[in-house]
Amino acid sequence: AQTVTQSQPEMSVQEAETVTLSCTYDTSESDYYLFWYKQPPSRQMILVIRQEAYKQQNATENRFSVNFQKAAKSFSLKISDSQLGDAAMYFCAYRSTFYGGATNKLIFGTGTLLAVQP
Amino acid sequence: EAGVTQFPSHSVIEKGQTVTLRCDPISGHDNLYWYRRVMGKEIKFLLHFVKESKQDESGMPNNRFLAERTGGTYSTLKVQPAELEDSGVYFCASSQDPGLATYNEQFFGPGTRLTVL
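Here the protein sequences line up with chains A and B, keeping their order. Numbered according to this note's numbering, the first sequence spans residues 1 to 118. Numbered according to this note's numbering, the second sequence spans residues 1001 to 1117.
Hints are not guaranteed to be accurate.
[Claimed, not checked] Quick look at which bits of chain B chain A covers, simulated, 3 or more residues with Cβ under 8 Å: (1) 1029-1035; (2) 1042-1056; (3) 1107-1114.
Please keep in mind that the hints were generated in silico from the structure rather than gathered at the bench. All of these numbers come straight from a predicted model, not from anything done at the bench. We treat Cβ as the ideally placed atom computed from N, Cα and C, and that holds for glycine.
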């Protein structure tokens, strides 16, 4: 069974600085998706960034980028130029690739609560 | 376009009572998922509907939990009787049928916070 581990329950960053959130996972599959979701306080969870395991290039979305190390089974999220609106709970998640009939369930880590200091 | 909605946002009940949570997916989304986060722990998958059929219910904790999806539209999750360990945040998500694509994003609702006293 696949597992996702986030070892940092809480992190803090100064506004305009860079922060990296860690995520490791365990799987025997060779192809899969990895995600970072953000849940702001009292709001719904939204997808921040997605990485396909077969792609060697790290995904980027504006100020958000990942460092995907497939051999090490590591998937960290880097937030550059942190803003107050980045304060949220961040969840790392894994999903098997879809091969017709298989479930699309997401497997989550325990989350990292990010505080942004003005 | 309206997102995934869940009702109620909060529910406080006593042990032994029954609670029903509702999820309205994004219109046209055939896939509907239920997840749960117990305080401080990971978000765990409960089950997955494709239209009105249960595709995967491997995450349902026990037979006190009953999920339905009437006519392939909204879904309800009933807990009967509720126990203390059922407290947590229950999330619903929906996604489109991927068709030939291999990826279909899951869109989440705001969650229902359930407290069992």
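Verification of the hints:
no. : hint      : in the structure
1   : 1029-1035 : holds (count 3)
2   : 1042-1056 : holds (count 7)
3   : 1107-1114 : holds (count 4)
Going down the numbered hints, you'll see the structure goes against none, and every one checks out.
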